[in-house]
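Number of protein chains: 4
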Amino acid sequence: MDFSHSARSRDLLDRLDRFMREAVIPAEPLYASQLAGGADHRQWRQPPIMETLKEQARAAGLWNLFLPPGEHGPGLSNVDYAPLAERMGHSFIAPEVFNCNAPDSGNMEVLAQYGSPAQQAQWLTPLLDGTIRSAFCMTEPDVASSDATNMRATATLDGDAVVLNGRKWWSTGIGHPHCRVLIFMGLTDPHAPPHARHSMVLCPLDAPGVRIERMLPVFHAYDEPSGHGEVSFDHVRVPASNVILGLGRGFEIAQGRLGPGRIHHCMRAIGAAERALALLCRRAGERVAFGQPLAKLGGNGDLIANARMAIEQARLLTLKAAWTLDTQGAKAALSLISQIKVAVPNVLQQVADAAIQIHGGAGLSDDFPLAALYAYARVLRLADGPDEVHRAVVAKLELKAQQGVDAR
Amino acid sequence: MDFSHSARSRDLLDRLDRFMREAVIPAEPLYASQLAGGADHRQWRQPPIMETLKEQARAAGLWNLFLPPGEHGPGLSNVDYAPLAERMGHSFIAPEVFNCNAPDSGNMEVLAQYGSPAQQAQWLTPLLDGTIRSAFCMTEPDVASSDATNMRATATLDGDAVVLNGRKWWSTGIGHPHCRVLIFMGLTDPHAPPHARHSMVLCPLDAPGVRIERMLPVFHAYDEPSGHGEVSFDHVRVPASNVILGLGRGFEIAQGRLGPGRIHHCMRAIGAAERALALLCRRAGERVAFGQPLAKLGGNGDLIANARMAIEQARLLTLKAAWTLDTQGAKAALSLISQIKVAVPNVLQQVADAAIQIHGGAGLSDDFPLAALYAYARVLRLADGPDEVHRAVVAKLELKAQQGVDAR
Amino acid sequence: MDFSHSARSRDLLDRLDRFMREAVIPAEPLYASQLAGGADHRQWRQPPIMETLKEQARAAGLWNLFLPPGEHGPGLSNVDYAPLAERMGHSFIAPEVFNCNAPDSGNMEVLAQYGSPAQQAQWLTPLLDGTIRSAFCMTEPDVASSDATNMRATATLDGDAVVLNGRKWWSTGIGHPHCRVLIFMGLTDPHAPPHARHSMVLCPLDAPGVRIERMLPVFHAYDEPSGHGEVSFDHVRVPASNVILGLGRGFEIAQGRLGPGRIHHCMRAIGAAERALALLCRRAGERVAFGQPLAKLGGNGDLIANARMAIEQARLLTLKAAWTLDTQGAKAALSLISQIKVAVPNVLQQVADAAIQIHGGAGLSDDFPLAALYAYARVLRLADGPDEVHRAVVAKLELKAQQGVDAR
Amino acid sequence: MDFSHSARSRDLLDRLDRFMREAVIPAEPLYASQLAGGADHRQWRQPPIMETLKEQARAAGLWNLFLPPGEHGPGLSNVDYAPLAERMGHSFIAPEVFNCNAPDSGNMEVLAQYGSPAQQAQWLTPLLDGTIRSAFCMTEPDVASSDATNMRATATLDGDAVVLNGRKWWSTGIGHPHCRVLIFMGLTDPHAPPHARHSMVLCPLDAPGVRIERMLPVFHAYDEPSGHGEVSFDHVRVPASNVILGLGRGFEIAQGRLGPGRIHHCMRAIGAAERALALLCRRAGERVAFGQPLAKLGGNGDLIANARMAIEQARLLTLKAAWTLDTQGAKAALSLISQIKVAVPNVLQQVADAAIQIHGGAGLSDDFPLAALYAYARVLRLADGPDEVHRAVVAKLELKAQQGVDAR
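Residue numbers (my numbering), protein chains in the order written: chain A, 1 to 408; chain B, 1 to 408; chain C, 1 to 408; chain D, 1 to 408.
Hints in this document: simulated from the structure, not taken from any laboratory. Every value quoted in this text rests on a predicted model; they were computed, and no experiment measured them. Note that beta-carbon positions come from the ideal geometry of N, C-alpha and C, so glycine has one too. Do not take every clue at face value.
Simulated crosslink set (BS3-like; lysine-lysine; CA at most 27 Å straight-line) [said to hold, decoys possible]: (1) C:K396 to A:K396; (2) C:K54 to B:K296; (3) B:K296 to C:K400; (4) B:K331 to B:K400; (5) A:K296 to B:K400.
What follows is a list of derived Cβ distance ranges for each label pair [stated by the list, open to error]: (6) B:A330 to C:K331: 38 to 44 Å; (7) B:R21 to A:S33: 42 to 48 Å; (8) D:V405 to A:A32: 56 to 62 Å; (9) D:G159 to A:E286: 52 to 58 Å; (10) A:E28 to B:R45: 52 to 58 Å.
For reference, chain A alone in the conformation it holds in the complex (with noise of 0.2 Å):
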């Protein structure tokens, strides 16, 4: 049993971290001022600060960390990409630094996995070098999207194309002003079993008959220059090599795409309880009530103790889901994957409440990135699956797997 990271992993994130001390934290305020926000994604544009950030990650050896051994990485596996991927998640603009933000991530595993040559030329290779945004559309707005076998959209095959209808929402990163491909999913055959009956298609994002509707809010916030795309699709022709693996074969690339995925969003929350962490404690110390700062009154050393508790654990539970997915495989990871999926959220939650709680209404307003974390949070713990689809995952297989033990 070996708790260090590896010489390789180690050596990534030193570097990582002098990065995102010297470049990413300090241009964070530029960036902010450099958006255009507001409900019309028609008029948001790339800050030109992370241009010239993904530039100098791209000339330091940190770009696309994210991607398993194959021919476009770096190949790291997912218990030697963890530690970077949580250091990105100390800033919400890091992971587009470094080419390893969702839902571009998942997108581009899914292609350099599943894609064929072409698909991966036309698209993969921009993804790859960052020039182009994406975005994966699945969560439909009038179904419970909590069970994935509810979706209505449908993908068609017509001939040589394949014809996209439906409505599709929370579609992440489809206001970026750099998005140009999405990746839909829609049932194919309703008459196949449940999990055969989808298929995953490409789709440009100029294609005749796609629409965004509009925009949809976080907690008021619109989370430029990516957000969350309410979109329309009506009688979208697509070419029938645009689907990927083939029909209805949508589960099982969601499956392979799924646990990395989650791993990735994990990491990266476990960083963000981090600064949440940092930022309260630094408050702490500093302010002064009743004669005293605040860590040293009443439950408030509890808030702290109880939070990096808590961080610790979800920290060491996310990593063992990685070495065991890295190790073993997806199948032997599927609790775990599930289990991290509720506690690491739910960790965020915690810590970014505590934090905000410390700061009073400084806590809430946009002075500290805390109500940010604390709607990221709130997100996680439904994107994805909710908490309640992923207990009962766990619980389960517990269930199974208590079978065969001698209970007395």
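Here the structure of chain A is known, so what remains is to put chains B, C and D in place on it, guided by the hints.
Leaving out everything else, chains B, C and D in the frame of chain A:
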């Protein structure tokens, strides 16, 4: 022991309830569409529908219901007003419709109880008429305001004037286009006993030296057209007759103001929690996943039961606090008022969080009032004393009360 | 709305309180010393001091206070009796002193309400006199008794006799040396509708075929001299006239019995929680660590405040349930009674746990009643329906109630 | 990063696991039947099956596994021993079978590390052989022992003797029929710096003046044949050579002793939690209510998932604490060891509580080990420093660690 409301309270509640169902709730979308949002409060405007609703409410005899017995209003006791405040809490726009919104209601109470005839003529009358709005400037950005004696902004006597200096924030209502006056709490005599150092001073919003530096967002929302401002006071001179009650008597006024105000806040929050629970139940009954309505899945029934139990208990505690304040006075109600200030906002946060979870992504968007209800709860856990301060009050009073008890 | 007790209730409470302070609490050590413990109930005996206290209580007019209006007792409403039950809850020995202990009080209610004159003459009279004790046999070891329709033990008509067969456990009171009769709930007609299948039958403890197999410990305590028994019934024949109300009417009786019984249990548990809090506060004020009384260290003040808030709310909820039962009947009180059945035992568990923590090791020993209070809370979370079943009832009724609500 | 156990640890775990399944668990009922219980420890006896199992374990090479590298045992690191301790934690009788039970293991560590050759010859050798048992006397009834510097019992040098005076309690193991020696911690020099005032002194149990006043129950259980004693020391004279390491060095020894001891305790508690979860799952799968196995009803799946997530995280935290202690020493592991001391017992309490709830009344009886597991958890939240003290340590170290952090 009698848990039924008085006949007078029931009659008003019936009429208010009808008005809410027929006029206020249906007007919410129009009100929203008439708002002008954003960070710049100078572009905010009062939605015309609000003035219409105010006229109707006044005509219906549902006006200034919050005022205690006296010459200015219907004169309801706290326990009789409580269910009305709860009903208003179902809608964010309702309190202003009935001229019962914070901070105006608190400011009117202060002026009615402590204001000089001249102060009442100048400010109380138009406030009671709903023709102007007001703000309350107490919290400061540079100190931990949970310890109110920390306040450093100054209100200094200079001849027949009082000079105000310093910086305040979270001055709610100051962005309203109709806001004309604010109550400023400032340090007058740093050498007096801690609770006799500060004064409350009436200050016109257009007095030279008053400057709204910016409006503060709460989870990215500016709560237009009222808003929460950061305000600087730079040698603002107002007549000494603008001092309320007398120099150094600010805390004395605050004590009288806070009890009823906290009860109003808490009852409105109970109403808000009821609305969240109603939305939760509707969604849980309608949406289907895994072949069942959400209400029947896993622990979702527990969410509902826990919400109902928490709301019932919090409401009863608030009603008891109101009854104790009415029948035994402020000192006897001290612990109960701190108890509700902790319990109720946490219940609202719990219920709003549960409702968001059941709504999925929709719960975070502005398609439902849930994110706003959640943010409201989060503010209430800080505003007017954070949970921590009120828990400390409860503990201190409990330990004192237990001293005479024979604990074997 | 009026939170004060009636004059009659206040008068009885004053007298009861004096009796508790002067007679009951001081007698606890003597009572404990007169007990004979262990797993073998045949060696248990009634502590003589109990009979002395019973005589005194009866002479003081503090006897059978639990009985609703009727011919047998003082006839208090539930809401008037509630504070008396709470006060009794401060001491484990108090309820029996006042002839108000479970399960005798519930059995007396059943006999008073549903018993035939002959049943009343034979069993109710000596129970009201406190000369005999009784037990209630419902829960079974072989089925999940949380679903009461699971009960499999049989009560079969055979000529002019009813024959009882099966095994019951957690039959509280059956170990008492004075126990003479039990109420047996058994399956009579498996083909009737689920709630018309079972009957309640009076059975003398010495009837041939009744056998106490063993007494069951709760956290290793046997709760002598009452105890909780596992009892087998092997072809036990009793006269058909021992059936209460009629064959198949067991659930009908149970419904009438449970509401008041749950209120009594909950009010006693509130009293128990008050005792735990009083002990907690005393210890926290007296013991010194790190140079301060425990009450001033870290989050200990929060423990106290949280306990006070939880107790206040749980008490108000219970009083409201009692008032609703009194004024609007059992059906209207259904949800509230399930609510208190969940809320109150959990509050007692929380407060007892906190009190143990403040007492350190002493809290786990029998130097204080805290471990016993904790165990009592833990039992109450299961007895008479586990938390889970009552939460499900609350959720179901809530969803039904919300159906007519306009949830916008 | 590598979450797999070392080959040596895995081999021992396989053998231990087999021994547990084949010998220890099946012997539990016999062990229970051979116990003689009650409050009077003079009637307790060692169940003969325990001596048989000890012989078998020793023969199987599963003996003194807890000992760190050195001359006396197999010399496992903490992280290698951890899974073995966890496995032993499945059964209350297992630790003694392998001579790894508290407090003997801790006392052996002290003697192995700090004892003189004469002390080792006299006491360590028979302890390593399992022929005698020992106790540890630190906690005192008259002071808040959470602050260890409060200890008032004295160990005073008088010529070539040390004289012990005072009263100790919660001296675990002192009731064991084989107990021959205890380690006494007493105040030697009240004028020395706080952590140099106390000494550890070896004292034979039969030394004149040592008197076991009574055995203390935990939730009414005496934990025979080891027990927890209240012990008075009345001018007990032992040779000055019985002082361990030197006068005033008690805290120095305690620090060295506590880290590994807390890891052992926590890993055993993890094993206990696994047993509770296994029982919970079996019962939830077997019992049927409302037409479904309990596992499928309402929030019961959440109970299971939450238990699994909590156990996984607590285990990983404990393993990391062990690894940090092994690789970076006691000071680096300080926060982690306090973290596990809080986290793990609370997890066990949570899981045992859930398992009791699923078992209904049976869970509170002694038909299952759940009530005992629950009591064990409750003790662990107090023993060896209450939660509150360890949270304070974590908070203090966190604030210190954060001082150098750039928290923007």
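How the hints compare with the structure:
1. C:K396 to A:K396: holds, 25 Å
2. C:K54 to B:K296: Distance of about 50 Å is beyond 27 Å: violated.
3. B:K296 to C:K400: Within the cut-off at roughly 13 Å; holds.
4. B:K331 to B:K400: holds, 14 Å
5. A:K296 to B:K400: Holds, at about 23 Å.
6. B:A330 to C:K331: 38 to 44 Å: holds, 40 Å
7. B:R21 to A:S33: 42 to 48 Å: holds, 46 Å
8. D:V405 to A:A32: 56 to 62 Å: violated, 22 Å
9. D:G159 to A:E286: 52 to 58 Å: holds, 56 Å
10. A:E28 to B:R45: 52 to 58 Å: violated, 33 Å
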